[in-house]
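Peer 1: Each chain, letter by letter, is given below.
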Amino acid sequence: MTFQQLLFIGFAALVLGGGIAVVLLRNPLYGAFALITSFVGLSALYVMMGAQFIGAAQIVVYAGAIMMLFVFVIMLLNVRADEERPPRHRFLVWLAAPLALLLSAGLWLAVAGVQGDRAPSGEAGTVERVGKNLMTRYLLPFELTSVLILLAVVGALHLAKREKE
Amino acid sequence: MMIQWLWITALHVAPKWLESLVEQLFAALPVWLTSNLTPTDATDFIVWPLLQIGVMLLIVLTVVAYLTLAERKVSAWIQVRVGPNRTGPLGLLQPAADGIKLLIKEDVIPFKADKVVFTLAPIISMVCAFIVLAVLPYGPHYASITNINIGLLFILSVSSVGVLGIILGGWASNSKYPLLGALRSSAQMVSYEAAIGLTIVSALIFTRTFSMQGIVEAQRSLGVWFILFLFPSFIVFLVSAVAETNRAPFDLAEAESELVGGFHTEYSGFRFSIFFIAEYTNMVVVSAIAATLYLGGWYVPGMDWVAAQLPAAYREAALTLMGVTAFSIKCGAILYLFIWMRWTFPRYRYDQLMELGWKWLMPAALANIVLTATIFILGKELGLVRSVKGVLEMAWQGKVFFTVAGFLSLFPILALLNAINRNSRSFNLRAQRTTIPLSTRKVKLSPGVKPA
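Line by line, the protein sequences are chains A and B. The opening position of the first sequence corresponds to residue 1 in this note's numbering, with each subsequent residue numbered one higher. The opening position of the second sequence corresponds to residue 1 in this note's numbering, with each subsequent residue numbered one higher.
Isolated chain A, as found in the complex (with noise of 0.2 Å):
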């Protein structure tokens, strides 16, 4: 086992450990805390990987912007943490692991071809790169996208103004 491995595998441990108490945690609070948790080890991961600017974006993006969102919706709404629901479809607790089951197969499908000595080039996320590629190769979709983005401020706006009349 190499330093760089057992990096992985601590920030993929962090990663995964989030990820199952999203799941597990009752209280909603902690749920958004151990997704934050998850996506600072993803982000870690990105930059492992040489990929700094998206390292860097899924911070600022996620961890962030819209995790304050969710915090600030619970918060307000303030969600009771031990409100215990009875499971309205217990039939769907049985798909659980057939459904688990394809979605490691597809997955598995999916990474089986990809070489093992792919090695990061260090260079693709930099911001420099993607600034260009931004710029040059995929400017139709990031002008769409800061378009629908408008569109959503614009939105928000009209929703916000409408009582007044």
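Watch out, some of these pointers could steer you wrong.
Cross-link-like lysine-lysine pairs, in silico, DSSO-like; alpha carbons within 30 Å at most [said to hold, decoys possible]:
| hint | chain 1 | residue 1 | chain 2 | residue 2 |
| --- | --- | --- | --- | --- |
| 1 | B | K389 | B | K399 |
| 2 | A | K132 | B | K399 |
| 3 | B | K115 | A | K132 |
| 4 | A | K161 | B | K399 |
| 5 | A | K132 | B | K105 |
By construction, these hints were calculated from the structure, which means they are not laboratory data. Bear in mind that the values here come from a model prediction, so they are computed numbers and not experimental data.
Dock chain B against the given chain A, drawing on the hints supplied.
Peer 2: Coordinates of chain B only, in the frame set by chain A:
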């Protein structure tokens, strides 16, 4: 499988004595751990940075402790008092006394509080404040811990997580005032973070990199400080930075006269002091960013010339010493400015605060991006500046052009702000004085409720 970490280059090679020490240590470690790691790499990437981090933490903690003393001394001076002067000579041992007091105080956790979150919140705050210290450029050569490609972005992203500590601390206390303080402070930090992010974009046009050392090097290669080119951006950054650190005149989060103490009302003893340390560390970080982006970081024009006069053996050490001194002086000046502001300006009202953020600073930052980009392209077309492998080159004409254009761009920005806020009632006294028609002032009743 051999993975080389090519994309992380060591900023500097660790000293030789440390390397030999690590080599001896390697003999004692199990083979599975050391098989893929040369002693040189281990020294450069693990042992040496850890040493630096230890030293840096000690220094920053001391600085933070004395910052509290400085705050009290300066406030006393501004209010014509003496300030703390009993503990040690000139009150210099006051931070130690405060620390011991907070340590031995009773640590109270409210009965109805969410205990896990209550304990976790100060830790999140402090960790997020301290992680950022790793990427700050304290000086050239040995005086800097790491130089990552995404330095500035890293700082922004970590500080956006740091807000969580405040929100959770306020929520977990399960009490009115902390919750109100937390809501205020998080809304404030989120909206001013947007202004900071936007104003940094205009600075990036000249720095051409996110790396903190790269930003300093960009200014060093040009021989100027970017405050000359980016004066409007500097002002927006400074105002947003004060708001971002929740300090007066924007300290609504802990407005003592309204909210007892804000989000940390229920915290006592050492937990409270952790929040306190995180707050002051954030101040240091923000002032360090301002010093790096706009005031040249550790660079002072002429320091290369001074270093060149010395014998070659001392050149590097002299440069490092001068760099660290310059960086601390710049940070100290900005920190002093923060303290000065706190004890001079009265607190803003909440609606004024939000309006300042969204209607003044945001449009100013956005307009500044457009203006700076236009000026830069103009300068490029005129042949005043050219980019050689990501590094800008310009003669004195270029510097004069960008300085003049930078200061002149204040006027269109001010005109825009005036156009936006002409009718705003928060700051504009004349608009406040005009009587508001009765019909709009009436409280609107929900349908079905009959007026009494």
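Peer 1: Between K115 (chain B) and K132 (chain A), does the CA-CA distance stay at or below 30 Å?
Peer 2: 48 Å, violated
Peer 1: Need the status of pair K161 (chain A), K399 (chain B): alpha-carbon distance at most 30 Å?
Peer 2: 46 Å, violated
Peer 1: Is it true that the CA of K389 (chain B) sits at most 30 Å from the CA of K399 (chain B)?
Peer 2: 19 Å, holds
Peer 1: Verify the proposed pairing of K132 (chain A) with K105 (chain B), using a straight-line Cα cut of 30 Å.
Peer 2: Cα-Cα ~56 Å, so violated.
Peer 1: Is K132 (chain A) within 30 Å of K399 (chain B), Cα to Cα?
Peer 2: Distance ~27 Å between K132 (chain A) and K399 (chain B) Cα, so the pair holds.
Violated hints, in rising order: 3, 4 and 5; the structure is consistent with all others.
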